[in-house]
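All chains, full assembly: derive it from the sequences and hints.
Number of protein chains: 2
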Amino acid sequence: MSTLPTVDRRALLGVASALAGAGALPSATLAQTPAPSPPPPAPVTRILARYVVGARADALPANVRKEAARTLLNYVGCAVGGSEHEAMDMAIAALGPFSGKAQANVLGRRERFDISTAAFLNGVSSHVFDYDDTHLKTIIHPGGPVISAILALAQRRKVGGPEFLNALVLGVETECRIGNAVYPEHYAMGWHITGSAGVFGAAAACGKLLGLDEQQMTWALGIAASQSVGLKIQFGSMTKSLHPGRAAQNGLMAALLAQQGFTANEAAIEGKDGWGQALSTRRNWAEVTEGLGERYEAALNTYKPFACGIVTHPGIDAAIQLRNENRLTGAEVETVELHANPLVQSLTGKTDPATGLEGKFSIFHCVAVGLIFGAAGERQFSDAMVRDPRVVDLRTRVGLKLDAAVPPEKCDMVVRLKDGRVLTKHIEHALGSLEQPMTDPMLETKFSDLARDVLPDAKARRLMDLCWNVEKLDDAGRIAVAAAV
Amino acid sequence: MSTLPTVDRRALLGVASALAGAGALPSATLAQTPAPSPPPPAPVTRILARYVVGARADALPANVRKEAARTLLNYVGCAVGGSEHEAMDMAIAALGPFSGKAQANVLGRRERFDISTAAFLNGVSSHVFDYDDTHLKTIIHPGGPVISAILALAQRRKVGGPEFLNALVLGVETECRIGNAVYPEHYAMGWHITGSAGVFGAAAACGKLLGLDEQQMTWALGIAASQSVGLKIQFGSMTKSLHPGRAAQNGLMAALLAQQGFTANEAAIEGKDGWGQALSTRRNWAEVTEGLGERYEAALNTYKPFACGIVTHPGIDAAIQLRNENRLTGAEVETVELHANPLVQSLTGKTDPATGLEGKFSIFHCVAVGLIFGAAGERQFSDAMVRDPRVVDLRTRVGLKLDAAVPPEKCDMVVRLKDGRVLTKHIEHALGSLEQPMTDPMLETKFSDLARDVLPDAKARRLMDLCWNVEKLDDAGRIAVAAAV
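Those protein sequences? They're chains U and A, same order as listed.
So in our numbering, spot 204 of the first sequence is number 192, and the numbers just go up one at a time.
So in our numbering, spot 151 of the second sequence is number 139, and the numbers just go up one at a time.
Hint data in this document are derived by calculation from the structure and do not stem from the laboratory.
So the derived list for chain A, only partly shown, Cβ under 7 Å to chain U, looks like this: (1) Gly88; (2) Leu244; (3) Gly249; (4) Asn253; (5) Ala256; (6) Gly259.
As a list, the in silico DSBU-like pairs of lysine-lysine whose alpha-carbon atoms are at most 35 Å apart: (7) A:Lys398 with A:Lys54; (8) A:Lys89 with U:Lys447; (9) U:Lys89 with A:Lys89; (10) U:Lys260 with A:Lys398; (11) A:Lys338 with U:Lys260; (12) U:Lys398 with A:Lys260; (13) U:Lys338 with A:Lys260; (14) A:Lys146 with U:Lys89; (15) U:Lys125 with A:Lys260; (16) U:Lys260 with A:Lys260; (17) U:Lys54 with U:Lys125; (18) U:Lys89 with A:Lys447; (19) A:Lys125 with U:Lys260; (20) U:Lys146 with A:Lys89.
In this text, a Cβ means the ideal position worked out from N, Cα and C, and glycines have one as well.
Okay, structure coming up:
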């Protein structure tokens, strides 16, 4: 025991009786009083929850519904196409033994798992070719986290088509608006935004289908906030595809927990020590809260025409157009000159790709297959294709003229033929951009190309029709059944 | 088509032939060449993986093995005690329907689930009372993520006691060393470090039990890096307890995926756009890589003697010592003066708690129950307890004298009795600190107190014996079976 210093009785009792008597406290204590808190920010989590809970399917504008159906079709094609990737075999071998009752399909495969496992697996396959949809403002791939989750959920509880499409749109709104609020700083920190923002989209969309009330939806978004997935360093590894899969699964689980009353902080997105603080150096919450139900990020979704990085797309677009307009085969080409932004070299400058995956990072390979095959789909990035003598020969004839004054979405191409002719092509906006969107027939061609080795043609055709007509389905889960082998 | 600007043929071919011919590029391009990269950091992920793969159970020092058994016993007691919390009922209602084959027990309950679901649930219950172990250097609660994962895994594949304890230690080393490398900046950003670093501990420990090789272990840590869970804003909500649960589950899944060859970036922890960059503003990787196998963070684990925030512990310790030394009952106390660090008021200054949970944030309640009951376990923080007239009366007689010169781990207390006596107590290091650790009998009393309403006394006794003797078990999974009701 030691001697206690003299105690100021008045101060002591002042504190003990009310803890409000700061005037009676010794000055040493006053100096410790924290500064007044700044005014609370807008209740972002709650505003978003209220919007998602109240948004009605019949209020969706026609263009948004149309784009959502295109998003769905593109998603299903990518997931079917990726379903035989070795990453899927590994994930199924690792996680399948722990799956619950078979309730939901893995698109493009015969296995059925519980909805949580199925959501994860479909999210992985939808992204494994890097060929999925892109919200260009944030580089989020919106479909994977959201549709993987709600399609699995729709196999457990019957969901009508309009309700399904509404949930899809609300999920995309949620993830893309949160992404807008923190892009590009969040992305620059190292986050793979498709996983880190995607979890909110999955939670919101699943919560909508589960009929959560505003309080539950707030908790669902809060539970999701603690479970962001994804780092950019994983690009080039299988874990990149794990990100949308886990985002789908975590969001689904967040909604299911919230439905049972499992609580989370109600300002988890915007509050002190919350998601925005921890995961971004800047936040503009107005991007989340303003114009809800008036403007739709879901209407701004785009689809890759080519199965490789977006900086290669103007060059590939030019190559394919020149081929088709001039019936080129590749053999008559002497040289190709691509006048492009320097990013094309720094991101895709690989001159001598050894694998199909490396081919995606070789603008020379990309342009060569565009000129020879008029396509740059997944089959143009096989290991065999990068060794094809015609492709190897042509890619060595492709040269770059780099110029920072050329925006990344544009390019010019000059093709000199062995017979002396010179062909040129200017690309103002590459195919797949908002200004030059993939047409519905182009999306169907992409789908068919992805599905060809997985599903019979007639089955792929029926699956596309289900996607286009999703709003007429009384059971949206049929899409998942139809996509199984 | 547009006219292509003049092309410098030499530059073009220089690039096309080798992409190394920077000297031939136009100056506009040269200006875009990125600066040389800094030298690569130490391969932290791989060094850690190599250590975990190679570390042998028989190399563990005796003090580390002893502390690991204490960690195990404390973990089991906390998980059993928390097993009937409503958060557990909700989580089981939400996730149980999707569980796979019943392979693993939920401690303190009758339900059995697949090992992934069980790992999650045990992680939740171990933390739901905020009564678990603490690595004081980082405020990580090491047991929850690691033991929840390996105890479930040990129910799927038989694991001997020494092997189990070794995995436990290696998991704790992994999470605490990574925590050391980024604390306090990571914590200050908003991360709940038990979840965000805990996932690495679970991955390493499960990977060890699965016998991963160095490459697989590197992937397991890499997959874990993408799946950090936990925000500080969740403190006070059920999602705080979700964090160690999900960390356990994500780490287990990471190890299972890596075992199948699922790849991740091999510098996911330390690399550009990796975990350290995204989740902390400072990193000291030497904390991870130096002294592996020589010094053990697992030997620095501590255990809460009281079921409330650590700043209240010196005051409670003083109250209990004065009570026990003077056979006080509370009724004879006129006033209590607690001379303490101002944090005691700012973190636990609630004068009139209405619920048991609020009682944990009231130093006045804490001191009162310490004086009356000689304890501040979970049952001293029931809703009924904060309404007990004796407790209410005494807590209004407790006053604070705050002084920043008093370190948070110390305090002085003066108790004036109605008969005029004055009792004093100085606390140099509160019970439960590294300097004044909980003794084995104290840990047993805590365990018994937690288990009392869940398990019969004889069963609790046998369970404690299994934990103390874990190294003699040929099947560590028996602990989980013995902890079920």
